[in-house]
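S.K.: Each chain, written out:
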Amino acid sequence: MIELQLFPALAGEVTTIVIALVLGILFGTRFQGGMSKRMVGMVFGLSIIAAILFEAPIFTWSLIAGFINEDFSISLAFIAATVGIFIGMLFRGGHE
Amino acid sequence: MIEINLQLLCFMAAALLVVIGLGGMLFLDNIIKKIIAFTLLSDGVNLALVTLGYVEGGIVSILEPGTSAGAFPENAVLIFGPGIVLTNIVIGVSTTAVLVAVTMVLYRRYGTLKASKVLKGERK
Amino acid sequence: MDSKGLKGSRGIIAVIALMIIFVGVSTSLLQLNGNVARGISPEYNELAPYEAPNNLASWVYDYRGFDTLIETGVIYVGALVSVLAIGRGIVRVKGVEGDAPVAPSSMEFNVSTLNVILKYFGVPVIILLVAYALLVLTGAATSGGGGFQCGVIFSSAYLLGMIFYGRKNPLNLSKKFLIAIGGVGWSIYALLGLPGYLTTGYWQYNVGADLWTSGVIPGVDGMAAVVPDILRQLFGDPFRLLLVMSDGTYASTAGIVPLINIGEAFNVIGAICLIFLVFVYGWNDEEEKSR
Amino acid sequence: MIDAFMIIAYVMVVGIAIGAVAALLQKDLLRAAFLSGAESIALAFLFQALLAPDLGLTQAIVATVLMPGIIIIGIFKTRRHEEE
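For the record, the sequence lines run as chains F, D, A and H.
The opening position of the first sequence corresponds to residue 1 in this note's numbering, with each subsequent residue numbered one higher.
The opening position of the second sequence corresponds to residue 1001 in this note's numbering, with each subsequent residue numbered one higher.
The opening position of the third sequence corresponds to residue 2001 in this note's numbering, with each subsequent residue numbered one higher.
The opening position of the fourth sequence corresponds to residue 3001 in this note's numbering, with each subsequent residue numbered one higher.
Bound conformation, chain F alone:
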């Protein structure tokens, strides 16, 4: 049986999340136009649903990669990318 592991945090899993966040900020600065707070909340909720749908990359079995259970996983890179896009929009001043 495969055991879920939390530590040691493998570098390969954190790296994908960081890369998604950085690239999200890069492309988020390109978005123009304002978004209301309700819209931001809706997009964030949709992104969590989508992250459950797409699942984590399949190679690891740790919580950092998003495996909560053996049959249930969230792709944290997707959520990190969405958060990065919102941060990038804040840089541009598009958040109203």
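None of these hints come from the bench; they were simulated from the model.
Among the hints, a few may not be true.
To be verified - Quick list of in silico lysine to aspartate or glutamate cross-link-like pairs, EDC-like style, CA-CA up to 16 Å:
| # | chain 1 | residue 1 | chain 2 | residue 2 |
| --- | --- | --- | --- | --- |
| 1 | A | K2007 | D | D1029 |
| 2 | D | K1034 | H | E3083 |
| 3 | D | K1117 | H | E3082 |
| 4 | D | K1114 | H | E3082 |
| 5 | H | K3027 | H | E3082 |
| 6 | D | K1034 | H | E3082 |
| 7 | D | K1114 | H | D3028 |
| 8 | H | K3077 | H | D3028 |
| 9 | D | K1117 | H | E3083 |
| 10 | D | K1120 | D | D1029 |
None of these values were measured; they are calculated from a predicted model.
We have chain F; now place chains D, A and H onto it with these hints.
M.R.: Frame of chain F; chains D, A and H shown alone:
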């Protein structure tokens, strides 16, 4: 009677696509339709290349957790075809874009999409 | 050939010729059915997963790294030729001097006829598509995906925004940004070959997999790590993976393959988005300033 | 015995053939572009069935958005219907 498996079927589909595309490129007059026929032909070639690597009862060539690493090399599909097709699909987009751009310029100059009129060289 | 010329006997001849071609092509393809020798493929399949679990990624970017670098140049040539063909005001060709240069009529999609729901749900869809592209990019070495796919998804998001909102595209990519991102991607991809060349003499040798962390591949005696220990302790193993298989746990590292994927994605984004920008808006500096 | 998977594959191959021929026989070029996209979706399914999921992903997106997009922009800038 040959038993038809997936590989045989896909080879037939590839041959069909190649021939349809070739016929469209040769016998149709409209330039946009020639471009569509060109994409069909390249689709057929892609399909033939991917079908070459198919292994009956094989597995996807991604190592998944929980499987056996020892059985992977024998069962995984041949990867050389898909590797080339992956670049071919994306490059196909840009070649199609070039063809459409040239078509727009030809239309500005000759006012028609008919290849027969363009070849005669009648200005608008 | 005119399509009216195909009526009658010439049409029958054409159909017969196509059928002969079909028989020839299909018989030559059907001979390949089940007869392809696996050849060297099992060898690759045995070694490739320890580099990156996705076999395709390690084949395209590691074994064929230099070829793929040259092939991506084709995308750039496509973008360049599109720009030259549509915005012909830039380069004057001598033979076509008599023509007025093609005036790029900017195409504005009619926004007011769009459905209201479609118009307000466009922004979330575009944001989620961009996030999905980044997911595909980061998961490239370990599951399906890669730089090509990321670029294609991103440019489809750009086209979607262009169709929904016209000039008020929420994903506002200017010409300068596109050219810059394409150049950055190209140089990332090309310059990642340099460390491998300096240490081993082969361009685009996968430094990270072999020299940075040696001895991670079980059964294969790695050579001594060239990189000093201080660097490794500072940066760690950024792309080290743990493969949990049914017959044990292996460590593998993708090396520079994920970085090459990022460069490739930038490359494709720059080229294909540039093509769409030129197709829809033309190539005019005055329009760019007024934006 | 023919299983359900092979039946779907047959349907997809027939769909490819019909879509390709119908796309080339249309008078309306816009419809031809959409039909060629539909043909490529069936092709993406075949890629998936041939154990190449990466290609299926790429082909699906290229076929649904990018290829028809380029051709439709070309049609908007030239003319929609085929002239006689």
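S.K.: Now look at each hint and say whether the structure bears it out.
M.R.: Status of the hints after comparison with the structure:
The hinted pair formed by K2007/A and D1029/D meets the criterion: a straight-line CA distance of about 14 Å does not exceed 16 Å. Annotation: proposed proximity of K1034/D to E3083/H holds, straight-line Cα distance about 15 Å (limit 16 Å). Taking the CA atoms of K1117/D and E3082/H, the gap is near 13 Å; set against the 16 Å cutoff, the hint holds. Pair hint K1114/D plus E3082/H holds up; C-alpha atoms about 9 Å apart against a cutoff of 16 Å.
The straight-line distance between the Cα atoms of K3027/H and E3082/H is roughly 6 Å, inside the 16 Å bound, and the hint therefore holds. Taking the CA atoms of K1034/D and E3082/H, the gap is near 12 Å; set against the 16 Å cutoff, the hint holds. With a CA separation close to 14 Å, the supplied pair K1114/D and D3028/H stays within the 16 Å bound. A hinted pair counts as satisfied when its Cα atoms are at most 16 Å apart, and K3077/H with D3028/H qualifies at roughly 15 Å.
Restraint check: the Cα-Cα separation between K1117/D and E3083/H comes to about 11 Å, which is no more than 16 Å; the hinted pair holds. Distance hint between K1120/D and D1029/D is fulfilled; the C-alpha atoms sit about 13 Å from each other, no more than 16 Å.
Every hint, counting from the list given before, is met by this structure.
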